[in-house]
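2 protein chains.
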Amino acid sequence: MSLMVQKYGGTSVGNIEKIRNVAARVLESYQQGHKMVVVLSAMSGQTDSLIKLAHQMCEDPDPRELDVLLATGEQVSIALFTMAVKSMGYDARSLLGFQVGIRTDQIYGKARIQEIDTKRLFDELEKNRIVTVAGFQGLDEDGNITTLGRGGSDTTAVALAAALKADVCEIFTDVKGVYSADPNVCPKARKMDVVSYDEMLELASLGAKVLEIRSVELAKKYNVPIHVRSTFTKESGTMVIAETKDMEKVLVSGVAYNKNEARITVKKVPDRPGTAAKLFQPILSAGIIVDMIVQNPSESGMTDMTFTVLKADFVKTMKIVRNIAEEIKAEEVIGDENIAKISVVGVGMRNHAGVAQKMFQILAAESINIMMISTSEIKISCIIEEKYTELAVRVLHKAFELENGALQEEK
Amino acid sequence: MSLMVQKYGGTSVGNIEKIRNVAARVLESYQQGHKMVVVLSAMSGQTDSLIKLAHQMCEDPDPRELDVLLATGEQVSIALFTMAVKSMGYDARSLLGFQVGIRTDQIYGKARIQEIDTKRLFDELEKNRIVTVAGFQGLDEDGNITTLGRGGSDTTAVALAAALKADVCEIFTDVKGVYSADPNVCPKARKMDVVSYDEMLELASLGAKVLEIRSVELAKKYNVPIHVRSTFTKESGTMVIAETKDMEKVLVSGVAYNKNEARITVKKVPDRPGTAAKLFQPILSAGIIVDMIVQNPSESGMTDMTFTVLKADFVKTMKIVRNIAEEIKAEEVIGDENIAKISVVGVGMRNHAGVAQKMFQILAAESINIMMISTSEIKISCIIEEKYTELAVRVLHKAFELENGALQEEK
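In order, the protein sequence lines correspond to chains A and B.
According to this note's numbering, the first sequence is numbered sequentially starting from 592.
According to this note's numbering, the second sequence is numbered sequentially starting from 592.
The hints are simulated quantities; they were obtained by calculation from the structure and are not laboratory data.
Everything numeric in this text was worked out from a predicted model, so none of it was measured.
There could be a bad hint or two in this list.
Each pair may be met inside one copy or between any two copies, as identical chains are not told apart.
To be verified - Here are the computed lysine-lysine pairs in the BS3-like style, where the Cα-Cα straight-line distance is at most 30 Å: (1) 949 x 840; (2) 609 x 643; (3) 718 x 701; (4) 756 x 710; (5) 850 x 800; (6) 800 x 825; (7) 643 x 701.
Turn these sequences into a full structure, and let the hints steer you where they fit.
Have a look at this one:
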């Protein structure tokens, strides 16, 4: 007999009928003899409605009270779900963050789970009850309600699986698994049967929005196997697990893109110690996250600094940078919102040369200009003109043989 | 400096604008130097919507889970209210039942408060924060969420006032106070400036729906002065307090009516020990509350038993009674839904004879037939035909001089 954590997202519990279907699905696993812990998100649209309500009340709602408000969304879904299970003749209990003892830090709106007291959970499981836990919420050490931020229910599920030493954490969503590329852009994208935590981290942060990135970090830390699958089919989805020897046989496992960034270049900055610090300090102080940073080799004591920020922060950042540019006597500041980041990801890159070279050649063959490059052990990212995004994804996906069974899981 | 508990009902916090107005009103009291604890109900309509949702899920929702669901209503209002107060520049904190330590028994849907841990409340008040508490909810000794039933927020407010030894518990509602009769029926009804706990208990249970009856019992037990007043005016309302000598000078302080009961008569029951027990045991076992019971004097070993139940329980009760009637060899069972109960209430009755006699005469003068009579120390109730309800209220109200300043608070 195994212990299973299942998490269902907002679209899976979007209305009464869907919640009833999820109950039936959970009962199937229960009847197979698994001990079941079920984590639910708020019904789809619910969190957005609550945020809207808060903003009708005031421009900048108090973060503590916003968390009190938002936490009701999940409370509604677990109550309704547990009613459904009980009306089908099975014993179940809903538990809120404070009842499970999900202890977090004090950062309202994006709290991190620090500890889970498993006693109550094990007590309920002992009684053969299906335990339903509100996702997305916890309690700080002073007993205040906190929420974990967007996608927080994934993190709740993985954290519970880790604390309970569950055999698997199944994440049910509205897609069939993790794809080698966005199927909307690349119709020949393949569902991956297996992907490593590290690859998933790169794919998630690059825009493959299937799993919340912190949940993957957590799963990696505690070695929790995640099964990402669809609520609406019985097919198995994608297993996200620790890296295996087999995975290294494949150079590239996926191609991701991200259109949410903008690029800023500061031209002809005096190339001396402290310039970079002077430039980035006020940006970071303003809470702006800088993603890629590239500095060109110096020419006659001058250098160009280029970096990317989220499009949402572009205007704010340009304003800050223009002020500093004057101060550090830079020649010019250039901004560009029409860019995209294309990345190829794969643990196989670690031991194989030539992936970068191949990527550049493929893009060049389509006359796609590369504006910035950044690499990690298992990923190569290029900034290109936004209009070429879909083309780039498709040609890279084809060139790295992702379409035709080159993935190890197909062997 | 005094400590004040204020409670605002669902219509007072029915939308964003109204919540903002309540915040402004609370701040007025705060600025006058009072320490403030604010108890809120769910936004009007919210609790009903949630109940509807539960019944869409299943016919007979699990009571534990229904409480988890319903408790979200008050959580939403306190979060929004506290945001409003903070956006106006004042410090405030919302607290849920579990955070305040409102310990109840385990009867889901109509739990009773057993204990309140005041530590957290006093801590927050020490910091000069306005403390907002979710009404209607608590936690049982196993850490499950419970709700207190309809009107439960009144009880929360009075219980908090008792536990904190507050100077006053102000109950804000959509009427100006407690009236000598229903103003819709009796346009000359007067708002009472003061009424005793006992009178209020009789008036509340008889249908003057201003204050939840358990909250009045609690206020009486702990001698908490209640001020019932309108959210929408500055006028003072009605003080509900312990009986004073002055109150006894008035025979009748109010006239109440109740159209929610039905009458059942069991004709010619053998008049011997155990008959009443046999008749009522199965009714009470079915959870049906019997209000008035009258047994006529025995004639030749036979007696008639008449009693009233809620109209909602009428059909169910008739079915049960017909079965027993056969068993105990009663002659006939007669039911009547078209009745009303008219009551006159006043602590002055204790020391003055003749109130009953006067009531009977006044009703007789209007040719209103009395079907049943029941009396207590401070109340006389008569069952009459429903169609005479309004007429009876008006003539009694006039005859007992409630219209023209006869109340002690007018002196």
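Do the hints match the structure? See the list:
no.	hint	verdict
1	949 x 840	within (17 Å within a copy, 102 Å between copies)
2	609 x 643	both (24 Å within a copy, 17 Å between copies)
3	718 x 701	between (33 Å within a copy, 26 Å between copies)
4	756 x 710	within (13 Å within a copy, 37 Å between copies)
5	850 x 800	within (13 Å within a copy, 59 Å between copies)
6	800 x 825	within (21 Å within a copy, 54 Å between copies)
7	643 x 701	within (18 Å within a copy, 33 Å between copies)
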